[in-house]
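Now for the letters of each chain:
There are 2 protein chains.
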Amino acid sequence: MTLFAGPVRIVGAGLLGTSIGLALTKQGQDVIVSSQSSKSVELAIEYGAGRVAKNDDAPALIVVCVPPALTAKIVAQELQQFPNAFVTDVASVKESVLEELVSLNAPLERYVGSHPMAGRERGGAIAGRADLFVGRPWVITPHETSNPSAVAQIKKLAEALESSVVEVSSKDHDRAVALVSHVPQVISSLLAARLVPAADSDVSLAGQGLRDTTRIAASDAELWTQILGANSTQVNRVLKDFSGDLAKVISALDNLSDPLNQQVVDAAIRQGNTGVEKIPGKHGSKHSTYSQVVVMIDDKPGELARLLTEVGEIGINLEELKLEHSPSAQIGLVELYVLPSVEQTLITDLQSRGWRIA
Amino acid sequence: MTLFAGPVRIVGAGLLGTSIGLALTKQGQDVIVSSQSSKSVELAIEYGAGRVAKNDDAPALIVVCVPPALTAKIVAQELQQFPNAFVTDVASVKESVLEELVSLNAPLERYVGSHPMAGRERGGAIAGRADLFVGRPWVITPHETSNPSAVAQIKKLAEALESSVVEVSSKDHDRAVALVSHVPQVISSLLAARLVPAADSDVSLAGQGLRDTTRIAASDAELWTQILGANSTQVNRVLKDFSGDLAKVISALDNLSDPLNQQVVDAAIRQGNTGVEKIPGKHGSKHSTYSQVVVMIDDKPGELARLLTEVGEIGINLEELKLEHSPSAQIGLVELYVLPSVEQTLITDLQSRGWRIA
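Protein chains in written order, with my numbering: chain L, 61 to 418; chain B, 61 to 418.
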């Protein structure tokens with residue numbers, strides 16, 4: 061017994077295509093891997109993501125995993141070539157793909173868009189993992205003409221990969237990801253770009269704040285140019301609001317003798333406080349409710365394990381954890397995030413066991 | 061034998077003052093804690109940060125740990141009241157403090173500015189820790205008229221707290237922290253502020269990218285309004301460049317039919333790639349040289365300890381570690397960062413021990 065009534069055909073053997081193939085193959089599903097690049101098909105198949113296509117293949121489901129700019133064209137081709145298959149894609153923009161499919165007169169009843177939100181900093185088949193999607197949101201974007209059984213099949217796919225299905229319209233999806241993903245990418249890139257002309261000695265004073273705000277600036281430029289281009293309207297709506305807010309702060313900082321302008325700066329930081337509190341934390345709980353306890357450990361193998369074993373012995377569950385190395389000393393700083401009600405117990409117990417709390 | 065020739069007087073009993081007092085007291089140094097708030101002095105002393113001031117105190121060193129906007133005034137008072145003491149402060153801006161001291165005709169030979177870069181999200185005496193400064197940079201900003209023995213005493217203080225001393229001019233300091241700390245704060249706050257008018261359902265799609273870019277947006281508004289105001293020239297210089305770059309991206313995204321504009325977006329993301337590579341990583345090593353391995357763990361006490369114990373058994377040292385919880389499932393995703401040369405060994409060995417690599 062396999063998951064789907066026929067083979068699942070994956071078009072595009074990068075990170076996402078390979079990972080989907082690996083996960084489905086593991087579950088006994090017959091998976092076909094196809095790509096314009098025969099080399100990446102070979103690689104994905106060698107990894108166990110599926111098999112090569114045969115002439116008489118009659119896939120039940122097709123998952124298009126190509127770059128955003130090519131997605132609609134390939135989806136339309138697949139719908140035409142396999143008239144009995146349901147088709148989805150994994151592009152991180154949905155409205156422009158749908159619009160292009162409409163303009164191509166594609167038979168949209170059998171198509172439902174997807175966006176598995178399993179970001180990784182590195183792509184390619186070599187980075188593929190069967191467990192890539194576990195516990196991650198998988199957005200499904202049904203449209204006016206999509207067949208309910210198409211929606212059901214795509215849901216089945218997401219659930220087989222242990223994702224959490226989120227169902228929204230493609231327009232709502234694009235508005236949401238512009239805000240929570242695409243705009244942060246632009247802002248982080250532009251912030252990191254300001255480091256380019258700076259002296260190394262200036263950059264060397266970087267702390268965790270700069271590291272956090274610029275981490276995603278390391279993302280792939282080609283991919284992101286496509287994503288931003290395909291969602292430019294929604295992205296620019298937010299960027300223009302951001303730019304207006306920034307202009308107000310710049311103008312205020314230029315004229316601080318006016319006490320009203322100090323209020324402008326203060327209000328901007330406070331709005332940020334309010335905004336960050338809206339981000340859901342662990343498993344959807346409130347983000348801001350954790351207490352931070354910073355513990356120092358020697359920077360050698362086993363120390364972190366020893367700390368966490370003792371935290372377990374104390375009987376406290378960690379909500380979040382971050383490891384940070386001191387820029388100079390051979391010391392690691394471990395940020396433990398716990399419920400406020402257990403913070404004092406944790407500090408007291410760790411100190412009595414000889415740990416240094418920073 | 062104590063560290064300094066006489067008592068160390070700490071003015072201001074917040075996070076930094078209390079932490080300095082705790083660290084010095086632990087080393088047998090006589091520490092005086094003073095503050096306009098008698099309540100916070102009581103609290104800091106109860107915590108072991110020092111003793112109350114006496115009329116005949118003759119401090120050898122005074123550390124002013126008050127909010128930035130009050131710093132110069134208090135430093136000048138202390139220089140006058142204790143004509144034999146060296147004085148430093150811990151404000152995160154240095155040039156405006158020095159300028160105000162000059163305008164107050166303070167005897168600057170005995171003053172050298174400090175900026176211990178030990179950021180914590182929470183302040184107050186209650187958050188004070190003796191180990192707060194260990195392994196962190198402590199910037200010292202000598203000026204034209206500062207006495208070499210003043211500089212030596214402040215260095216001794218930073219070293220006693222196990223910080224790494226960085227010596228630069230106040231102007232160079234302010235330019236550097238504008239870039240690596242103050243501007244990221246403004247940008248992060250403005251980015252988080254964009255979440256305020258958004259629907260909760262949109263914000264609920266937030267991933268690690270948004271969490272990282274907006275973490276510091278939770279910072280204290282009153283403190284940051286003072287910091288930004290005191291370094292407004294340097295901050296605005298960078299913000300205006302950022303704003304110009306942003307305007308170019310917005311304009312390009314508005315007119316993507318022109319292929320040159322796709323290049324503008326692409327170039328912006330690539331500049332970000334280049335910028336983020338300039339940030340030094342662990343102990344000053346290159347930031348971009350680590351490989352990321354994502355391991356899934358059950359979200360229950362002891363699982364992370366078990367993973368890290370096994371990583372230790374495999375004999376691999378972690379360069380960085382991040383714990384991320386899936387927004388919906390009872391699963392934790394652990395990001396392990398290791399040297400690329402050991403990545404494959406780590407993956408293979410963890411998989412053979414039954415761990416799921418995402």
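Keep in mind that a hint or two might mislead.
Treat identical chains as interchangeable: a pair holds within one or across any two.
What the hints assert, rightly or not - Straight-line alpha carbon distances no greater than 20 Å define the calculated EDC-like cross-link-like pairs of lysine to aspartate or glutamate that follow:
id: 1; residue 1: Lys-360; residue 2: Glu-403
id: 2; residue 1: Lys-360; residue 2: Glu-222
id: 3; residue 1: Lys-114; residue 2: Asp-326
id: 4; residue 1: Lys-133; residue 2: Glu-282
id: 5; residue 1: Lys-231; residue 2: Glu-337
id: 6; residue 1: Lys-382; residue 2: Glu-370
id: 7; residue 1: Lys-382; residue 2: Glu-395
id: 8; residue 1: Lys-338; residue 2: Asp-260
id: 9; residue 1: Lys-360; residue 2: Glu-370
id: 10; residue 1: Lys-382; residue 2: Asp-358
id: 11; residue 1: Lys-338; residue 2: Asp-272
id: 12; residue 1: Lys-382; residue 2: Asp-272
To be clear, the hints were calculated from the coordinates, so they are not data collected in a lab.
Results of checking the hints against the structure:
Taking the shortest alpha-carbon separations for Lys-360 and Glu-403, only the inter-copy value of 18 Å comes in at or below 20 Å, while the best intra-copy value is 26 Å. Proximity of Lys-360 and Glu-222 under a CA criterion of 20 Å is satisfied inter-copy only: 19 Å between copies versus 36 Å inside one chain copy. For a Cα distance limit of 20 Å, the shortest separation of Lys-114 from Asp-326 qualifies neither inside one copy, at 64 Å, nor across copies, at 38 Å. Taking CA atoms no more than 20 Å apart as the test, Lys-133 paired with Glu-282 passes inside one copy only; the shortest distance there is 18 Å, against 53 Å between copies.
With identical chains, the CA atoms of Lys-231 and Glu-337 are never at most 20 Å apart, being 25 Å at best within one copy and 35 Å at best between copies. Taking the closest pair of Cα atoms, Lys-382 and Glu-370 come within 20 Å of each other both inside a single copy (17 Å) and across two copies (19 Å). Within a single copy, Lys-382 and Glu-395 get their C-alpha atoms as close as 5 Å, and across copies as close as 10 Å, so both meet the 20 Å cut-off. In this assembly of identical chains, Lys-338 and Asp-260 lie within 20 Å of each other by CA distance solely across copies; the values are 7 Å between and 36 Å within a copy.
For a Cα distance limit of 20 Å, the shortest separation of Lys-360 from Glu-370 qualifies both inside one copy, at 17 Å, and across copies, at 14 Å. In the homo-oligomer, the alpha carbons of Lys-382 and Asp-358 lie at most 20 Å apart both inside one protomer (15 Å) and across protomers (17 Å), since each shortest distance falls under that limit. Proximity of Lys-338 and Asp-272 under a CA criterion of 20 Å is satisfied in both settings, with 18 Å inside one chain copy and 14 Å between copies. Within a single copy, Lys-382 and Asp-272 get their C-alpha atoms as close as 11 Å, and across copies as close as 11 Å, so both meet the 20 Å cut-off.
Checked against the numbered hints above, the structure violates hints 3 and 5; every other hint is satisfied.
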